[in-house]
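Residue numbers (our numbering), protein chains in the order written: chain A, 1466 to 1680; chain B, 1466 to 1680.
Errors might be hidden in some of the hints.
Heads up, the list lumps identical chains together, so a pair's fine if it works in one copy or across two of them.
Stated by the list, open to error - Using 27 Å as the maximum straight-line C-alpha spacing, the simulated DSSO-like pairs for lysine-lysine come out as follows:
1. Lys1552 - Lys1487
2. Lys1467 - Lys1509
3. Lys1509 - Lys1581
4. Lys1600 - Lys1581
5. Lys1509 - Lys1600
6. Lys1487 - Lys1600
7. Lys1552 - Lys1509
8. Lys1552 - Lys1467
These aren't lab readings, by the way, just hints derived from the structure by calculation.
Number of protein chains: 2
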Amino acid sequence: MKLYGYFRSSAAFRVRIALNLKGLSCDTELVNLQAGDQSSAGYKAINPQGRVPTLEDTGSLLVQSMAIMEYLDETCTTSPFLPTDAKGRARVRGLANIIACDIHPLNNLAVLNYLKSEFGADTEAVNAWYRHWVKQGLDGLEPLLADSADTGVYCHGDAPGLADICLVPQVFNAQRFDCDLSGYPTILGINAACLALDAFERALPGNQPEAAGLG
Amino acid sequence: MKLYGYFRSSAAFRVRIALNLKGLSCDTELVNLQAGDQSSAGYKAINPQGRVPTLEDTGSLLVQSMAIMEYLDETCTTSPFLPTDAKGRARVRGLANIIACDIHPLNNLAVLNYLKSEFGADTEAVNAWYRHWVKQGLDGLEPLLADSADTGVYCHGDAPGLADICLVPQVFNAQRFDCDLSGYPTILGINAACLALDAFERALPGNQPEAAGLG
Chain A
1466 MKLYGYFRSS AAFRVRIALN LKGLSCDTEL VNLQAGDQSS AGYKAINPQG
1516 RVPTLEDTGS LLVQSMAIME YLDETCTTSP FLPTDAKGRA RVRGLANIIA
1566 CDIHPLNNLA VLNYLKSEFG ADTEAVNAWY RHWVKQGLDG LEPLLADSAD
1616 TGVYCHGDAP GLADICLVPQ VFNAQRFDCD LSGYPTILGI NAACLALDAF
1666 ERALPGNQPE AAGLG
Chain B
1466 MKLYGYFRSS AAFRVRIALN LKGLSCDTEL VNLQAGDQSS AGYKAINPQG
1516 RVPTLEDTGS LLVQSMAIME YLDETCTTSP FLPTDAKGRA RVRGLANIIA
1566 CDIHPLNNLA VLNYLKSEFG ADTEAVNAWY RHWVKQGLDG LEPLLADSAD
1616 TGVYCHGDAP GLADICLVPQ VFNAQRFDCD LSGYPTILGI NAACLALDAF
1666 ERALPGNQPE AAGLG
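Looking at chain A on its own, in the form it has when it is part of the complex (with noise of 0.2 Å):
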């Protein structure tokens, strides 16, 4: 397997946390987002989207983090990311959702850079944006962890799953944006407990071999 990230994006983070909790070895190659290595020619050929992460598995390219993850749930039995029931399964793919599909996508590079180019945004009017949607997320979060017998050590009991990957991620990119997350403190707490785990203390974007570099 071979998998295309960049230290610094959440979803490829997402990624490198998947393959380590299943303890799977995977070559990685850098796709440097910040000199624009994401818009050549050669990786819209692997990935048409112009995004990180994508899997190479076996001849196959994959894209999205989120249906990788699910693929890696799905091949590989150790360590799985989703309870057995179909409820639970629901609820961890929900709360994964929160902020995959509700957090992330407006905080990304491309989208800043939008605001900037298009919009004049300042640094100030940027970061505002960024915690906004933070805050809106995790405010809807933080009650469906807090206020339900399934939470446990975890987002869902006492191992760590599909959640608690994009739950890692997004509390790092809030903290690098100072954002106010004292509010929170069920989804710290779940935080704290995840990067006790090696598996995710590895996957941090600053033990990443290309971040000495590139800062």
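Add chain B to chain A, keeping to what the hints say.
What follows is chain B alone, placed relative to chain A:
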């Protein structure tokens, strides 16, 4: 089952199609997004995010349309939304998530309202934003469909599935915002094939009971 939705919500539109394809009957409860029903304390007790849709099933409240559709697919075997092979499933989920994660979240009502109120965007600027993200996503989606032998009458083979369910509401919205879709013949062909099916046609926003009153 009861679906909390709104005729103009793309995410609720997806779930309506899904229920129709499965042949499941479902009560509906209107959450009038124009009137702000989604922000009421009553609705937030049902869906803390204040978003539609929510699906209530035997006492459980399920959030996020993609999670709801996976739930319906796992609990009802009629008209499966995903193929049986892992790579095919990853392909369909990847196609669906290009829409659900990279187009739709940028174009929902809350986002457009933020652009107007915080960046002073006029109608023209909002429309340009809308069309930009539609183009970004569909530019990636079209070759993934056009260049794959897995594409059939629908996004994956000759039965409609998860990607088609996401595609039709997205094309519907793109047409509403006068996006130029002439570069996407494969997408338009699949959209037409879907809309020829009763399950998709009945789910159209204009065919919901509230559409007449709320226009």
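Tell me, please, which holds for Lys1552 and Lys1487 at an alpha-carbon limit of 27 Å: within, between, both or neither? Both: 23 Å inside a chain and 18 Å across chains, each within 27 Å.
At most 27 Å between C-alpha atoms: does Lys1552 with Lys1467 qualify within a copy, between copies, both, or neither? Result: close only across copies, 15 Å inter versus 33 Å intra.
One pair to classify: Lys1600 and Lys1581, alpha carbons no more than 27 Å apart. Within, between, both, or neither? both (21 Å within a copy, 19 Å between copies)
If the cut is 27 Å between Cα atoms, do Lys1487 and Lys1600 qualify within a copy, between copies, both or neither? Close neither inside one copy (31 Å) nor across copies (36 Å); limit 27 Å.
Quick one: Lys1467 to Lys1509, C-alpha cut-off 27 Å, is that within a copy, between copies, both, or neither? within (16 Å within a copy, 42 Å between copies)
Intra- versus inter-subunit Cα pairing at 27 Å for Lys1552 with Lys1509: between (38 Å within a copy, 20 Å between copies)
Treating 27 Å as the Cα threshold, decide for Lys1509 and Lys1600: within, between, both or neither. Intra 33 Å, inter 15 Å, cutoff 27 Å: inter-copy only.
Within a copy, between copies, both or neither: which one fits Lys1509 and Lys1581 at a CA-CA cutoff of 27 Å? Within. Shortest intra-copy distance 25 Å satisfies the 27 Å Cα cut-off; inter-copy 33 Å does not.
Hint violations for this structure: number 6 only, all remaining hints satisfied.
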